Amino acid sequence: MAYKPFDADALIDASAPLLQLRIAPEHRAGIKLNLKTASKMAALVEQVKLEDDAEPAPVYRP
Amino acid sequence: MKASASAAQIAEAVRGGKVKARAVVEAALARIDRHNPMLGAFTEITAARALDQADLIDGKVANATDPGPLAGVPFAVKNLFDIKDVVTRAGSQINRENPPAGRDATLVSRMEAAGAVLLGALNMGEYAYDFTGENVHDGPSRNPHALDRMTGGSSGGSAAAVAGGLVPLSLGSDTNGWIRVPASFCGLFGLKPTYGRLSRARSFPFVASLDHLGPFARSVRDLALAYDAMQGFDEADPAQSKRAPEPTAARLKNPVPGLRIAVAGDYFAGSAEAQAHVGKVAKALEATKTVILPDAQAARAAAFIITMAEGAALHLERLRARPDDFDPETRDRLLAGTILPAAWVARSQKLRRVFRDKVLRLFDGVDAILAPSTPMKAPLIGQKTAMFGGVEMPVRANLGIFTQPISFIGLPVAAVPVWLDGEDLPLGVQVIAAPWREDICLRIAHQLEAAGVCRAPVAKGFAEE
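Protein sequences appear in the order of chains L and Z.
Residue numbers for the first sequence follow the working numbering, so the first one is 1 and each next one is one higher.
Residue numbers for the second sequence follow the working numbering, so the first one is 1 and each next one is one higher.
The shape of chain L in the complex, shown without the other chains (with noise of 0.2 Å):
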């Protein structure tokens, strides 16, 4: 996955509620860029080929 531009505006809208978060205007701009980072990151990540048994790190020892 490369990484694509995105509607921020949309994604804080539609995900506050569900979270029940209230996102105040002023705090907006912040989110949108460290989202923005985020994303790039995550791009980052999926250029790694993983296969389907690639287990997770942390392991819960019962």
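None of the hints are false.
Distance condition first, Cα-Cα at most 30 Å in a straight line; then the derived DSS-like pairs of lysine-lysine:
1. L:K36 / Z:K384
2. Z:K2 / Z:K460
3. Z:K358 / L:K36
4. L:K49 / Z:K289
5. Z:K253 / Z:K283
6. Z:K18 / Z:K460
7. L:K49 / L:K4
8. Z:K384 / L:K32
9. L:K40 / L:K4
10. L:K49 / Z:K358
11. L:K40 / Z:K384
12. L:K4 / Z:K358
13. Z:K253 / Z:K280
14. L:K40 / Z:K358
15. Z:K384 / L:K4
Source of the hints: derived by calculation from the structure; they are not laboratory data.
Since we're looking at a predicted model, the values are computed, not measured.
The hints should help you fit chain Z onto chain L, whose structure is shown.
Coordinates of chain Z only, in the frame set by chain L:
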């Protein structure tokens, strides 16, 4: 004792009855009183407790009872460690409303059991989500080598206190580089042990997958003494390994014949300034081989995502109830973290396992890997951008590019301070080993220190008192 006295020197003098622990502690308290307003290192000074503990140590010496290997050594801890009867603020305004801690963090107890004397709690970036050492509530910790420059974070006060000669030892936490970055900027030795080596019990968490605790010092021997004092299983930390303690201090001088040391290339060679410092260390160790950590950039990205998501989940209730009480720099990242897709986080955890497997294979051919701790020397406090590889980039987001891939998979690292000829500021190098081989990291660090390649002086202006 002078500000520059090492923990080992203090302990030897106290154990031998040449100096009273009370005198050592009183001198350290006087230095804190004088210099802390400049350094912004301490946020809480536990003077009464320290004097009581010092008297206890002096009583043991008088009675010929072993006062411990760190007898009378002053130390202090990042303010996310619980200290009995002190509120654990974790760099925040919000947590100041919590009741005082009912008991000490495990590592505080272990340091005191070894005879060390706790002097207080140290400044840090809010909730440890920080690479700068700046804090909107308490003010910044200041770099003792240049007071207008960053200490690095988030264990900024821990580095300022040791480089400023207030104490010879401090404890910090390292989730993404938060011991190694301040050690780099403030010219100190720091140890980020293997993930799961030291107990995190009763320290305020941030990212359970990545949180580590460890010491700062001005000598490798002091680092090893503190590390040894803190080892041992503690069932109160579910992530801790049951591995038996493996003491290092007595073996520091053991020769390490045939040790294979390589320099991390490719991704880790992206800063010419940092490479000059790595080169000095590599030359001294005759390390000519280069190894490539595959997918290091993706590993750093995955650490970024896990940090954002786990940190956000930890603080969700506070983000709902009182977002305006956070540091704005922290808040906006945490709020963004609440809405990251779960698939990104799950994939990042899978990448962590795969990256670990790839990097561990490198240790079939080498015993240690060298990489820079930071891409640059300490920026100015408040500086927002800097040049990285000829491009102007945000400072805050890029200080951990070389540390994040390493803590992501929990490898042990000794951060060593390197000064180039004629330079006023240091830059650190990571000495990285395979899991559980802190002994290799520390022995190489000791070799570099003995050869004069690495040094961690008390900053000028704070030294001769």
